[in-house]
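Trainee: Sequence:
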Amino acid sequence: MHHRSEDDGERDCSPQYGTHYAIIVQIYQRYPGDHHIWKKRHERAMAIENRRSMTVEEYFQLEANDPETRYEYIDGHVYAMAGGTANHDTIKSNIQRTLWNLLRGSNCRVYSSDMKVYISETRYFHPDVTVTCDPRDRGRVQAIQSPRLIVEVLSPTTELTDRTWKLKNYRAHPTIEEYV
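In the numbering used here, the protein residues as written are 913 to 1092.
Incorrect hints may have been included.
Stated by the list, open to error - Across the chosen pairs, the derived CB separations fall in these ranges:
| id | residue 1 | residue 2 | range |
| --- | --- | --- | --- |
| 1 | S1018 | V1053 | 12 to 22 Å |
| 2 | T997 | S1018 | 25 to 35 Å |
| 3 | D1046 | V968 | 27 to 37 Å |
| 4 | D987 | P1086 | 34 to 44 Å |
| 5 | R1052 | S1032 | 31 to 41 Å |
| 6 | D1026 | E1089 | 31 to 41 Å |
| 7 | A998 | S1032 | 29 to 39 Å |
| 8 | S1018 | L974 | 11 to 21 Å |
Unchecked claim - Below, simulated SDA-like cross-link-like pairs (lysine to any residue); rule was C-alpha separation at most 25 Å, straight line:
| id | residue 1 | residue 2 |
| --- | --- | --- |
| 9 | K1004 | N1081 |
| 10 | K1078 | S1067 |
| 11 | K1078 | L1011 |
For the record, the hints were derived by calculation from the structure and aren't laboratory data. Predicted model only: the values in this text are computed from it and were never measured. Positions of the beta carbon are idealized from the N, C-alpha and C atoms, including for glycine.
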């Protein structure tokens, strides 16, 4: 994929520019009228990605101070998550609603990607949908500790990561029974 820059030169969206750059380019192309909003978020995200390692406490504070942006924490580094498309959101909402209806009256709870999930001491993800049946995951918790089901809605920009690296991390989690 290529993106024309303002000087009419081409900029390659290869891994040397990073996945985040490729996602931002796609957002610019889909929502050109909102260019200023996405540019601001991109600049903020890139500044965060390029800074020193961050503690878990600093990560929690970052998310508390910037509730409009979700970040994943991976080995001391923070990565801003791009927003999904309308189709992605529809699929995610349908899955969440279906699970909520199926689990109504049980001890299980269904959460959206607004809720982060503890993967390990150095990793926190924001899956599209999470189910937990552990009462310790209710109330004012910063992250779900004991997820039982994780759902990631695949998109062209996340499919490889979701099917490989995240799958490996989810399989290693002791309480996750299913990953869809």
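Trainee: So, for every hint listed, does it hold in this structure?
Mentor: So, going through the hints one by one against the coordinates:
no.: 1; hint: S1018 with V1053: 12 to 22 Å; verdict: 19 Å, holds
no.: 2; hint: T997 with S1018: 25 to 35 Å; verdict: 31 Å, holds
no.: 3; hint: D1046 with V968: 27 to 37 Å; verdict: 20 Å, violated
no.: 4; hint: D987 with P1086: 34 to 44 Å; verdict: 19 Å, violated
no.: 5; hint: R1052 with S1032: 31 to 41 Å; verdict: 22 Å, violated
no.: 6; hint: D1026 with E1089: 31 to 41 Å; verdict: 22 Å, violated
no.: 7; hint: A998 with S1032: 29 to 39 Å; verdict: 33 Å, holds
no.: 8; hint: S1018 with L974: 11 to 21 Å; verdict: 34 Å, violated
no.: 9; hint: K1004 with N1081; verdict: 21 Å, holds
no.: 10; hint: K1078 with S1067; verdict: 14 Å, holds
no.: 11; hint: K1078 with L1011; verdict: 22 Å, holds
Consistency with the previously given hints fails for numbers 3, 4, 5, 6, 8, ordered from lowest to highest.
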